[in-house]
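Residue numbers (the numbering used here), protein chains in the order written: chain A, 36 to 827; chain B, 9 to 302; chain C, 450 to 618.
Heads up, a few of these hints could be off.
[Claimed, not checked] Listed below are several chain A residues computed to face chain B (Cβ distance under 10 Å; list not exhaustive):
id, residue
1, Cys170
2, Asn360
3, Ser621
4, Ser624
5, Leu732
6, Gly745
[What the hints assert, rightly or not] Simulated DEER-style distance windows between Cβ atoms:
id, chain 1, residue 1, chain 2, residue 2, range
7, A, Pro139, B, Glu34, 52 to 62 Å
8, C, Met577, A, Lys629, 44 to 54 Å
9, B, Glu224, C, Gly472, 12 to 22 Å
[What the hints assert, rightly or not] Some chain C residues close to chain A (C-beta under 7 Å, calculated; not the full set):
id, residue
10, Tyr475
11, Gly501
12, Met532
13, Thr535
14, Glu538
15, Gly539
16, Ser545
17, Cys561
18, Gly562
19, Asn579
20, Arg597
21, Ile602
What the hints contain is simulated information worked out from the structure, not anything from laboratory work. Note that beta-carbon positions come from the ideal geometry of N, C-alpha and C, so glycine has one too.
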Amino acid sequence: MNEEEGIVYSKENHLYDHIRFAGQRPTQIGVSKPRIDGVPKVTGAGKYTGDLKFPNMLYGKLLGSPHAHAKILSIDTSEAEKIPGVMKVITAKDVPDLKYGISPARWDENVLCIDKARFVGDKVAAVACVDEETCYKALKAIKVEYEVLPAALDYHTAMEDGQPQVHDEYPNNINTEIHHKFGDPDKAFAEAEYTRTDICEGHRTYSSPIEPHSAISIWKDGKLTVYCSSQSVHYFQYYIAREFGLKMGDVHVISPLVGGGFGQKLEPTGLEFCGAVLSKLTGRPVKMFYDRYEMFQHNRGRHQGHYEVSSAWKKDGTMQAVKVNFITDGGAYTSLGIATAYYAGGLLPLTYVFDHFQFDLLRMYTNLPACGAQRGHGAPQPKYAFESHLDNVAMDLGIDPLELRKKNVRKPYTTTCNGLQIQTCRLGEAFEKLGEMTDWDKKRKPGHLPKGRGIGIGSGSFVTGAGYPIYRNDWPSSSAMIRVNEDGTAATLYTQAVDIGQGAYTVLCQEAAEAMGYCYENMKIVAGDTEVAPLDFGAYASRLTATCGWACKRAGEEIKAKILETAGFMLHLPPEDLICVDGVISSVSRPKVKPLTFSEVAKKYFIIKGPLVGTGVYTVPRLGGYHKGAPVATSICYSFCTQAAEVEVDEETGEVAVLQAWDVHDAGTVINPALMQGQVHGAFAMGFSETVSEQVLFDDKGKIINGDFGGYRVITALDVPSFTNALIPSSDEPSTPWGLKEIGEGSNNPTMGAVRNAIFQATGVSCEKLPMSYENIWRAIQKKKAADAAKK
Amino acid sequence: MYLPDFDYYAPESVSEALDLLTEHKENAKVICGGTDLLPKMKHELLAPKVLISIKKLPNIKKIEYVKGKGISIGAAATHNEIVFSEVVNSKYPSICNAAAQMAANQVRHVGTIGGNIVSAVPSADLPPILIALGATAKIAGPGKERVIPLEDVFTGPQQNCLEANELLTEIFIPDGDMTCSTYHKFALRRAGALAVVGVAVALQTKGCADGACSIEDARIVYGAVAPTPMRGVKAEAVVKGKMATDDVFEEAGKVAYSECKPISDFRASEEYRRNLVGVYTKRCLKRAIENGHK
Amino acid sequence: MTTNYITDRHGIRRYMVTIEVNGIEYTRVIKANVLLVNFLRDELDLTGTKKGCELGDCGSCTVLLNDRPVNSCLILAIECDGMKVTSIEGLAETESLDIIQQKFVEFGAVQCGYCTAGMIMSAKALLMKNPKPTEGEVRAGISGNLCRCTGYINIIKAIMAASGQEAAI
C-alpha cells in the first residue's frame, strides 16, 4: 500500500490469466475483492430501514382482514383513537382510491380496501402511535363489521362458473390467459414416433427474507421522503408519486441496507402508501413495519401451479415438440404475476432444442395472498416439471438421462422457437463437465450405488436482465456517474442500483474501477437513492452486473479518457501512447518514462478543469418478436447451468438427505468469484429448501397456519449438503460488459428437477408433487409398493 | 409483536413463591426459561397479570447424584446444563442426548427441564425418556410437598396436574435395573424442529454380552402421538421376557403402530405418524440394546 | 425479591435494572415486558442485533448472555439484571475486527447481512467453548441461525478458517 497516495495496489492472483481482453488483462474484475459493505455488516454498524430513527418519529401498523373474502360494512375507529399514544387511525376514506400495482396491465390493488377484503391479511386500516406496543393495542380496538363472502381458495376450480368472484372486472377469476403456438406442434405430435405426458403439482413457497419489510415516511413541506426495504428505488418512486399525484422529483426514495429481497421487495406495499398518509396527517415521520407473520401474508412469493408437460420425440432421443398446459395460483392481486405467467413457459425452450412449441396458461385469482416474482421468477416449478418429464422420457426410451440432455442441448448463436436470441451457450460443455465431476456413468449403473441412493440431474437458463422495463417508458435502463475526489485518492460511484445482498455494490465498483484503470479499494458508492444518484431500475431479473455494469464501465471509460488526456499533457506524450492500470499511468512506447499515479493526474485535472466526473448510460436494444407477451423472457444474454444431486432416501420413513451437490455454470466472465459462488450456493440451498421442506399452508378458511419459522421450515446449516462449483470459463459473450452473465436466478432453476430425478433413481418413485417432503416421498413409496404387489 | 404488561416477581424462597402464587392465582404464571411462555404471550394465547420467576429459588438449578437413590435435577436446570452435566452423562447419557435434540442451541441455553414438563406440549423431547426411566416429579404446594410419577403430571395437551398454587421444583430419576435406554425423535428438519414422533425405550436386559440377549423388563414411551406422553404398554408386553431379535422388534413396532393415538396436523398425518412410531420403536429397541444408555 | 420499582400513574410498574453491555454498565428504568432485544435496540441504540422472527426461530437476535448464546427476543431485560451481555458491537476491538468478523468478510460469508450479527455471535460462542470444532460441530453450532442468502457454505468455511482450519466442503 502506498500510504502517501492512499492507493492500494492489487496483488491478487488473477482468474483470467489465460484470456486476452483486447490486449490488456483486467485486474479489478475476476478477483474476489472483499465486499464493500462487508465491515459495516459484520460489526453491526450498517443500518437497515428498521434500524433508523428520526426525531419525533411515530410507529405504524396495518390492520389486516381476518377473512379471506368479505364485504366491509363499517369500520369504527373511535375506541382505538381514545387509547393514549394513538395519534392517527386511517381507513379507505383517508387515502387515495387510485388502484395501483407493479404491473401496469393490471392495477388492481387499493391502498386500503374500499369495498371488500380479498385475502386474510388484506389491508383494512392503519394506525400511527407513539410506540410499537400501542400500535398492537390500537389495532385490536378497531371494530370492523364484515359480511363474510364465500371464498375462492382452490386455483384448480376458481375458473368454474359459480365460483366466488375475487375481482368483478375479471370474469371466472382469470387474471392472465396465454395461448402461444410456435411452429406446428399438433402436426409434430401426430407424426412423432414417441410421445409422453406428465403432470406435476407445485406448491406455494415464500422466500422469507430474514429482514422483515419496513418503511419510514416523512411528508414535509410538500415533499415525501421514504426510507424502505426496496429492491428498486425507481419503481417505488414512480408508483408512490403516481398514487399521490406528486411530481417524481418531490418523492425521494432511499433504500438503506436491504436484508434480502428475492423479488419480494420489488413493489411498494401498504407500508409505504399508508405510512405516507399517516405522516402527512400527523406531520411526523412514521415507521411502518411487518412482523414475520405479516410478511407471509403480504407474500408476493412463488406461484404454485398445475403443470402438464407433453413432448414428441424420435425414438433415437431427438426432441421435436413440446406442449405445456399450466394453471397457476396468483392469489388476490396481480403483483408481478403477468410476467411470472409468461416466464413460466417462455423460458422453457432455452436449454433444449425443439422446433414446435405450444404454451397454454391460466393465472387464476384466488382469495389467498398475492404471488409475485420469487428468485427464478416463473421458471423453477415449470422447470421441475420439465426436467422430471425428461427423466421419464429417458427411461421409456432406454437412454441415459444425461445423454438425452446432451443430445438435445441448446447450441450457441441460435434462436429458440419462441424467438429468444441466444448468443454464447456452453451448456453442452457444462453437461460434459458435470458428467466427469459426478462420476455420472458409474453412479447411474444399476447396483453401483447402495440401496436407497441415487443421483439426478437438472438444467437451467435465465435472463441476464429483462429486455423491457416493468412499466412502459423509454428511459435507459441503467445509468451511473463517477466523481473522483479532488486529490484523486478516492472515487465515488453514484447509481440508483440497489444491493439486496447479492453484492451489486461490490461488483459495480469493481467494474467501474476496471474501466477507470483505478483500484477497487479506493472506490466508494452512493446508491439506492433517487435524489443523489442517477436512474437505474434496480435489483431484479438478474440485471445489475450487466446493465448497470455497462453504465459503470462507460462512466469509468470517460474518466479514464480524461485522465489519459491530462497525463499526456503532463508527460508531453500523446494519450494514445498511455495506459492506465491499477491507478498507474505509463507509456507504452517509452517504458523508462516515470509513470504517473492516477491521483496526481486527477488532482491536476481538478486544478485545470474542475470536478473529474464521468457518466455512463445503457439502453437495452430492441429484442423479441411481435406476439403478445413477446417482451417477457427476452434478454441481451442468457446464462446456462446444470446441477446434480446425490441423495439417500430412508425408505421406511421417506426421509431424504442430499449427500453432495454439484453445479456447473456457463456464466461468462466472473467479476467476483467469491460472490458468484455465494450466489450459486444460496440459490441451490433456497431451491433445495423449497424442494423438500418449505410450503405455505392454509386452513380451510384461507388463513395461513404456518406463518413463522417454526412451522415454515427453512433449511439450516445441518441440512445443506457439501457443494462443488465449477465453471466453463469464457469471455466471448458480446452483449455484456467483459462478457459476463447473470448468476443469481438461473442457479435455482435446475435444483428441484435434480433432486426429484435423484430420488427417482434412488427409489424408483416419481415425485409428481411438491414439496418432496418426507411424508410425500413415503406416500409415493407406499403407492409404488402397493402397485408392485398388485402386479404380482 | 409485543408482550402485554405484567408485574414481575423474583422470589428467593419456595414459600415466598408459593405465597405469590396463592395471592395471584390464575392471574399469575411461573416463568423459568420463558422460551415457551413468552411466544405464547406474544401470540396472545396467555396474558398473565403477574410473572413469577423461580430462577432465584435455592437449589432450583442443581443437578446432583444422591448416592444409592438416583439423580436429582432442579426444575430450572436448562437443557444445555443437562446436555453437559457430568452427573447425568455418567449415568444416563440417553437423557443428555434427548436434551441435545431439542430446539436450537440458543433455546437450550435458556429453556428448562421444568418448563419442558409443565408446558406439557405433546411433542416435548424430555418427558418420554424421563418417563421410560421411571422419573418422578416433586411438586411444592402451600404447606405440603408431593412426589408423583412424572407421567401423572400430564393430563392433556398443554395441560398438567398442578394446582394454580403449586410449583414443580425437582425431577428425580431413581437408580433402577434398566440396563439400556434411548430416545429418538423424527423431525422434519435436522435442527430446531419439533418432534413429529419421539420414541423412548428403557430396557432391562440379561446375557447380551454372551450373545443370548433377553429382555427382562421394558418401558416404552411415545411422544407427539397422543394428548400426553404415552406408555406403549402393548409394545412393552411384546418384548418383555423375549429374546432380543429383529423379529421381536418388528413385532413391537407393529403393535406400537396400532396402539399409539396420533392426530393429523400440518406437520404430519395420523397415518404417517403411526408408521413412524412403528419404525422408531423397532429402531430404538435395537439401538438401546446395541448402545446401552448411550 | 425484586422490589426495585416505581409505579406510574397508570399503575404500570417500572423496574430498575443494571445490565453490563459490551463492558459498560447501563442502569435503566424499564417495564417488565421489555425484551432484551428491545432494550439493546431502543434503550441503548445498539441496532446491530436484529429482529427477524421475534419467536426464537431464526437466531438473528442472538447475543451472548454471560458468554452463552441466547435469542434476545425471548429474554426479558429484567431477567438480565446484574448480568453481562455481549452484542455484535462489542466483538471488535477498537480498530481491528474479531477473527470471525475478518473471516466472514474474507470468505464471502456475508450477503444481505441481516443474519450476520446473530450468526457471528453463535460462532463466537462456539469457538469460545470449542476452539477447534469439526465441520459438523460448526454446522450444529449455527443451526439455530437461519440464513436465506448464502446456503451456509461460505459461513461454515469462514468459521472453520477462524479456528485455523480448512473446511472440506
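Evaluated hints:
Evaluation of the A/Cys170 hint against chain B yields a held restraint, the C-beta minimum of about 8 Å falling below 10 Å. For A/Asn360, the interface hint is violated, the least distance from its beta-carbon to any beta-carbon of chain B being 30 Å, above 10 Å. Here the hint on A/Ser621 is broken, as its CB sits about 56 Å from the closest CB of chain B, past 10 Å. About 64 Å separates the beta-carbon of A/Ser624 from the nearest beta-carbon of chain B, more than 10 Å, and the hint is not met.
With 10 Å as the threshold, the beta carbon of A/Leu732 comes within range of chain B, its nearest partner Cβ sitting at about 5 Å, so the hint holds. Interface hint at A/Gly745: satisfied, since its Cβ lies 7 Å from the closest Cβ of chain B, which is below the 10 Å cut-off. Judged by the Cβ atoms, the range 52 to 62 Å given for A/Pro139 and B/Glu34 holds: they are separated by roughly 57 Å. A beta carbon spacing of about 53 Å between C/Met577 and A/Lys629 agrees with the range 44 to 54 Å that was offered as a hint.
For B/Glu224 and C/Gly472, the Cβ-Cβ distance of about 58 Å falls outside the hinted range of 12 to 22 Å, so the restraint is violated. About 17 Å separates the beta-carbon of C/Tyr475 from the nearest beta-carbon of chain A, more than 7 Å, and the hint is not met. Among the interface hints, the one on C/Gly501 holds; its C-beta lies about 5 Å from the nearest C-beta in chain A, closer than the 7 Å criterion. The beta carbon of C/Met532 is not positioned within 7 Å of any beta carbon in chain A (closest approach about 20 Å), and the interface hint is therefore violated.
Because the smallest distance between the Cβ of C/Thr535 and any Cβ of chain A comes to about 11 Å, over 7 Å, the interface hint for this residue is violated. The interface hint given for C/Glu538 is met, as the beta carbon of that residue sits about 5 Å from the closest beta carbon of chain A, less than 7 Å. Using the Cβ-Cβ criterion of 7 Å, the hint placing C/Gly539 at the interface with chain A is not satisfied: the shortest such distance is roughly 9 Å. Interface hint status for C/Ser545: violated, as the beta-carbon distance to the closest one in chain A is roughly 11 Å, over 7 Å.
With a cut of 7 Å, the hint placing C/Cys561 at the interface with chain A holds, because the nearest CB-to-CB distance is about 3 Å. The interface hint given for C/Gly562 is met, as the beta carbon of that residue sits about 3 Å from the closest beta carbon of chain A, less than 7 Å. With its C-beta approaching chain A no nearer than about 15 Å, C/Asn579 sits outside the 7 Å limit, and its interface hint is violated. Annotation: interface hint on C/Arg597 holds; nearest CB of chain A at approximately 5 Å, less than 7 Å.
With its C-beta approaching chain A no nearer than about 4 Å, C/Ile602 sits inside the 7 Å limit, and its interface hint holds.
When each numbered hint is compared with the structure, violations occur for hints 2, 3, 4, 9, 10, 12, 13, 15, 16 and 19.
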